[in-house]
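**Q** Sequence:
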Amino acid sequence: MVASRAFADLDDVEQLLALKPPGNGNFRILQWADDAKEKPVFPEWASSGPKAKTKSPRSWVTQFSDWGKRAGFTAPLGLHAVRREALIRVNDNGYTLGQVLRFASQNNTNVLVNHYLGSVSTIDGAGSYLGMNLRTDLAEDFRSASVGRNPSLQFSLPAKKFEELRTSPEYLELTAMIKKTNSEIERSTLPEERARLELQRKTAYKVRSTLENRRLREYQATQKVIYETDIKGHEQTDWRQSHFDRISHVLPEERTLVL
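Final position of the sequence shown in my numbering is 259; the numbers increase by one with none missing.
It is worth saying that the hints were derived from the structure and are not from the lab.
Derived pair list, reagent style DSS-like, types lysine-lysine, alpha-carbon separation capped at 30 Å: (1) K51 to K202; (2) K51 to K69; (3) K161 to K69; (4) K55 to K206; (5) K51 to K39; (6) K39 to K55; (7) K53 to K202; (8) K161 to K206; (9) K206 to K69; (10) K180 to K160; (11) K161 to K202; (12) K161 to K224; (13) K224 to K69; (14) K51 to K206; (15) K202 to K179; (16) K202 to K55; (17) K160 to K69; (18) K160 to K206; (19) K160 to K224; (20) K160 to K179; (21) K39 to K20; (22) K69 to K53; (23) K55 to K37; (24) K180 to K202; (25) K53 to K39; (26) K206 to K180; (27) K161 to K179; (28) K20 to K37; (29) K160 to K202.
DEER-style ranges, computed between Cβ atoms: (30) S48 to T96: 43 to 53 Å; (31) M132 to L19: 55 to 65 Å; (32) M132 to V90: 19 to 29 Å; (33) R194 to L19: 49 to 59 Å; (34) L79 to F7: 25 to 35 Å; (35) L172 to A221: 17 to 27 Å; (36) F142 to S188: 53 to 63 Å; (37) I29 to S209: 41 to 51 Å; (38) H80 to T175: 30 to 40 Å; (39) R196 to R89: 42 to 52 Å; (40) R89 to P21: 34 to 44 Å.
Since this is a predicted model, take the numbers as computed values, not measurements.
Beta carbons are placed, not taken as given, at the ideal position from N, Cα and C, and that holds for glycine.
Working from the sequences, and respecting the hints, build out all of it.
**A** In structure tokens, the structure reads:
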């Protein structure tokens, strides 16, 4: 809130923490900035700061996954898993289907039943038939998940692995295509043709980046956990500190406060 300049009279965290209750009351009301109500609560972020556009659900999912990887989880649970668990528990509490749909912001019962509630039934059939106290933990063991964590998870390929990727036929083909497109853009004089070539180059960069990310994920999945180390639990390895610029996009708000 402070970083986004949402308060009228506060410019930094120190000013906020220095506030004290007034002498004639127990609390102080902070005034919003004039444009605060027009700003989205969860905006999209760029390197220059927040945008005026609300963050999309897909960007939430991507960022949530990045948080897990930053914490060292090689295959972190996505937002879908958390949302599904919440809807299963809500459904078990006796709410009507209409109430669950409204809570889930969904209109299609097929999506809720087949993609969120799943095939695991949480109804205690024996208890219902015998008139006993109904159990609510029948499906707990079927909805558990194990997520591996590596405290020293690397966020870039080792030099040898990256060289193997860089000299692979697929990577070389994409690099050659990018270089060729760059040359064509420099020679192009027509705006329409230039726009087409720039879009073609952007697509090639995206495909190459996807290839790099896939190889990195494959390497992270096979990276061994080293237990015997001199690094204490509260210490971070050098690569975590030196790669701040690489991973700071995960929490751009923090980067804004650091700069």
